[in-house]
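Chains B and C: place on chain A using the hints.
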Amino acid sequence: MVAPLVLGVLVLVVWHLVVVAFAVPAFLLPTPLAIAQQFVAQFPVILSTAAVTGGNALVGLIAGFLIGLVLAVLAASSRLIAELTTPVVLAASAIPIVALAPVFTIMFGSTTEIARQLVVTVVVIVPVFVSSARGLRAVAPVHGDLMTSLAATPWQRARFVRLPGAVPYVMTGLRLAAPAAVIASVVAEYFGGLQNGLGSRITSAAANTAYARAWAFVVASIVLGLLFHLGGTLVERLVTRGRPA
Amino acid sequence: MSELASAKSARSAVELDGVDKRFGDVQALSGIELTLDDGEFVSLIGPSGCGKSTLLRVVADLEQPTAGTVQVGGKPARQARLDQDYGIAFQQSGLLEWRTVAENVELPLHVHGVGKAERRARAAELLELVGLADFAGSRPAQLSGGMQQRVAIARALAPQPKLLLMDEPFGALDEMTRERMQAELLRIARESGAAVLFVTHSIPEAVVLSDRVVVMTPRPGRITEIVDGRRPGRDAAELEPDDVEDVRETAAFFAAVTAVREALRKGHQ
Amino acid sequence: MGGRTRSVVTTVSAFALLVLLWELVKLVVPDDGVVVGGVRILPRTDDASMPHVWTVIAKLGQPEVAGAADVRTVGAAVAQSALYTLGLALGGLVLGGVLGVVLALVMLRFRLAERAMLPYIVASQTVPLIAIAPLVAGWGGKIAIMGWAWQPWASVMVIASYLAFFPIAVGALRGLAGPNRASVELFTSLAAGWWTTLRRLRLPAAVPAIIPAVRLAAAAAVVGAIVAEISTGTRGGIGRLIIEYAQTATGDPSQLYAAILGAAVLGLVAAALVSLLDRALWRYRGAVG
Numbered sequence: 001m002v003a004p005l006v007l008g009v010l011v012l013v014v015w016h017l018v019v020v021a022f023a024v025p026a027f028l029l030p031t032p033l034a035i036a037q038q039f040v041a042q043f044p045v046i047l048s049t050a051a052v053t054g055g056n057a058l059v060g061l062i063a064g065f066l067i068g069l070v071l072a073v074l075a076a077s078s079r080l081i082a083e084l085t086t087p088v089v090l091a092a093s094a095i096p097i098v099a100l101a102p103v104f105t106i107m108f109g110s111t112t113e114i115a116r117q118l119v120v121t122v123v124v125i126v127p128v129f130v131s132s133a134r135g136l137r138a139v140a141p142v143h144g145d146l147m148t149s150l151a152a153t154p155w156q157r158a159r160f161v162r163l164p165g166a167v168p169y170v171m172t173g174l175r176l177a178a179p180a181a182v183i184a185s186v187v188a189e190y191f192g193g194l195q196n197g198l199g200s201r202i203t204s205a206a207a208n209t210a211y212a213r214a215w216a217f218v219v220a221s222i223v224l225g226l227l228f229h230l231g232g233t234l235v236e237r238l239v240t241r242g243r244p245a
Numbered sequence: 001m002s003e004l005a006s007a008k009s010a011r012s013a014v015e016l017d018g019v020d021k022r023f024g025d026v027q028a029l030s031g032i033e034l035t036l037d038d039g040e041f042v043s044l045i046g047p048s049g050c051g052k053s054t055l056l057r058v059v060a061d062l063e064q065p066t067a068g069t070v071q072v073g074g075k076p077a078r079q080a081r082l083d084q085d086y087g088i089a090f091q092q093s094g095l096l097e098w099r100t101v102a103e104n105v106e107l108p109l110h111v112h113g114v115g116k117a118e119r120r121a122r123a124a125e126l127l128e129l130v131g132l133a134d135f136a137g138s139r140p141a142q143l144s145g146g147m148q149q150r151v152a153i154a155r156a157l158a159p160q161p162k163l164l165l166m167d168e169p170f171g172a173l174d175e176m177t178r179e180r181m182q183a184e185l186l187r188i189a190r191e192s193g194a195a196v197l198f199v200t201h202s203i204p205e206a207v208v209l210s211d212r213v214v215v216m217t218p219r220p221g222r223i224t225e226i227v228d229g230r231r232p233g234r235d236a237a238e239l240e241p242d243d244v245e246d247v248r249e250t251a252a253f254f255a256a257v258t259a260v261r262e263a264l265r266k267g268h269q
Numbered sequence: 001m002g003g004r005t006r007s008v009v010t011t012v013s014a015f016a017l018l019v020l021l022w023e024l025v026k027l028v029v030p031d032d033g034v035v036v037g038g039v040r041i042l043p044r045t046d047d048a049s050m051p052h053v054w055t056v057i058a059k060l061g062q063p064e065v066a067g068a069a070d071v072r073t074v075g076a077a078v079a080q081s082a083l084y085t086l087g088l089a090l091g092g093l094v095l096g097g098v099l100g101v102v103l104a105l106v107m108l109r110f111r112l113a114e115r116a117m118l119p120y121i122v123a124s125q126t127v128p129l130i131a132i133a134p135l136v137a138g139w140g141g142k143i144a145i146m147g148w149a150w151q152p153w154a155s156v157m158v159i160a161s162y163l164a165f166f167p168i169a170v171g172a173l174r175g176l177a178g179p180n181r182a183s184v185e186l187f188t189s190l191a192a193g194w195w196t197t198l199r200r201l202r203l204p205a206a207v208p209a210i211i212p213a214v215r216l217a218a219a220a221a222v223v224g225a226i227v228a229e230i231s232t233g234t235r236g237g238i239g240r241l242i243i244e245y246a247q248t249a250t251g252d253p254s255q256l257y258a259a260i261l262g263a264a265v266l267g268l269v270a271a272a273l274v275s276l277l278d279r280a281l282w283r284y285r286g287a288v289g
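Chains as they are written, first to last, in our numbering: chain A, 1 to 245; chain B, 1 to 269; chain C, 1 to 289.
Bound conformation, chain A alone (with noise of 0.2 Å):
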């Protein structure tokens, strides 16, 4: 616990010392102090903006683990649908989806946040599906004889077995997506579309030359993807305590 705050510290005062010391120029690396300075001067916009940028993030989130699981169980009900999903969720991991964002501004409109709520959607399905698509085939051989053994139906394999068994694994999904949703949600802003969120103000202050502003910016950004991956993580930490590790 000691050695990484050291280490934290020394990072902030060394870099303090080198860009004064060495006059490096603030388009290069602001001091730590400037960008410091930065965020609680803009702390009313960052937090606004953060608003927006992590608004877009959750609806994205909570829409892409909806499909994305719905997707895993119809996978895993079927071997057609899991044949059919199965290679375009993995081309959809491969691919640059927010480079998708240009082409849902043109189809929803550019003045609505529908189009980067789809990207973080499009993103959040692919980790939610592989993991929940996991868990739902890694039943058991030993609970599957038992099922069998009790005369269970379908329907009740699901029930008593393969969706609970899931359980930790969908939610594995969700505390890897949670912080990629804040990745997509800032980096689309970046393609165009409203000016209101984290990610378009880093891009005009970065071309407005005020880079400790920016540096401020992309702080509160990073600030917005840990509090992402802290609710990711306590979520799945309540709903799969009491189960071993």
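Just so you know, not all the hints are guaranteed correct.
[Unchecked claim] Rough simulated footprint, nothing fancy, chain C against chain A, three-plus residues with beta-carbon under 8 Å:
(1) 188–201
(2) 214–228
[To be verified] Here are the simulated distance ranges between beta carbons:
(3) C:Pro204 x B:Val114: 54 to 60 Å
(4) B:Ser48 x C:Leu190: 29 to 35 Å
(5) A:Ile67 x C:Val8: 24 to 30 Å
(6) A:Ala51 x C:Val29: 29 to 35 Å
(7) C:Gly3 x A:Arg241: 38 to 44 Å
Since the hints were derived computationally from the structure, they do not count as laboratory data.
We put the CB at the ideal spot given by N, CA and C, even for glycine.
Relative to chain A, chains B and C alone:
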């Protein structure tokens, strides 16, 4: 009364007639003939790959025989499974980690739509029987391996089966726990009155538990010999669990162990 | 029908179904989409928003600028740009990968370094590091390292490399620390030194953990390169092309769709290259107890 008794004895707990089972090119079971009487304790023993687990799974209708007939309690194996006429315990306890101990015991009743109050009462009764009444609300992960196996046995007994199928249930336990569990199992089997088909690869375990020990050999899996266990006939069923320790030191026990070992060695030649 | 044939058939069908779905949406949903309470919940489907799939494909063969003589086709432009970006992404992947493995080795060798750095490296996976892309953009043309003027494409590669760096550092550390105790003790009993143990045991044993990390890193590097091109305005790459086409898309978006198709193919090619690497290292996969 006598009519009822005769009707019962006419219908044995398990009846296997000419059972073959092939997996692709592998002949797992060949010409199996075996009958278990009501309340009888029979062990299947043999080296790995002799088909003893497959035989148990055929009785449980988890595998279908390639040839021959399997009757459980006078019904085809499939019907017996659908009617929940047997309970089964595996080498792994197979408890569902997200359910409490009591909810795990209730599982068979839950699957078959028994009401909540009745399930609770039956689970409490069974946990009492296996000595885990204090752990009803615990999670399986909080229990030791031996306790988890006892929960699994309680679960197997939940539908009040006339037959208990056990596939090396004590295989993963240490020797001390194992011997204690054997005594427990004998008591439980006697109190529930169920016949038991028990798969093991431990000779002393087979002998100490069984009325009869069925010796099997591999390639193809078949029965080579049936040896009387340490309980000739039904009389010894009155044996107290505490006596099991003493049984291990009797001449009859050693004689039976030797007989089984001889049978296994013969099968290997 | 063998398993392989079947999976090819289902994969092709899956994408064919996607195309069908696209055309179906175009057919069924009204041109201006469906707006409920001021929010458009279904997309606009006119040709200016959702072009026919065949329009996009036909576009690949048409010249980039209508009417101009001797210009490249859209397809050629997309392919060239995607290749350029692929080069930058792969360069970033290699750079980030090497640094990531080196850092993992340092953490493996020095427990203190691991204790101090690991929390940050793990946390780095959960924060939008890519957000600083617009800031690295400022370096172009303004700084010089040992007489070499910083080029915009170098910014792109730096961004791709630091996005690739973190997953590989985490994966490599997990893999290198992965061999079970018995194997490590075997090497100790053979009086093998740290380097021998590393070369003969830890590195081979790390392969199964590193490959998925490289796969993640490759995808991150591709996204990083594209986003970096957009924020730095670096010419020549697919990211920039997407933005250029997006700005001229009013009226005919098929060119933009073609560019995005190119970006998707780029991601798939990068993933396929990682699979080749995986194939080449097949003998290190799978573990014994």
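Outcome for the supplied range 29 to 35 Å, where the beta carbon pair is Ala51 (chain A) and Val29 (chain C): Between Ala51 (chain A) and Val29 (chain C), where Cβ atoms are some 31 Å apart, the hint holds.
Per-stretch coverage check for the segment 188–201 of chain A, three Cβ contacts closer than 8 Å to chain C: holds (count 5)
Proximity test - 8 Å, beta-carbon atoms, the segment 214–228 of chain A to chain C, at least three hits: holds (count 10)
Status of the given 29 to 35 Å range, CB of Leu190 (chain C) versus CB of Ser48 (chain B): holds, 33 Å
Consistency of beta-carbon spacing, Val114 (chain B) to Pro204 (chain C), with hint 54 to 60 Å: holds, 55 Å
Cβ separation of Ile67 (chain A) and Val8 (chain C), checked against the hinted range 24 to 30 Å: Once the Cβ atoms are compared, 26 Å apart, the range 24 to 30 Å for Val8 (chain C) and Ile67 (chain A) holds.
38 to 44 Å as the expected CB spacing between Arg241 (chain A) and Gly3 (chain C), which holds or is violated: holds, 40 Å
Checked against the numbered hints given earlier, the structure satisfies every one of them.
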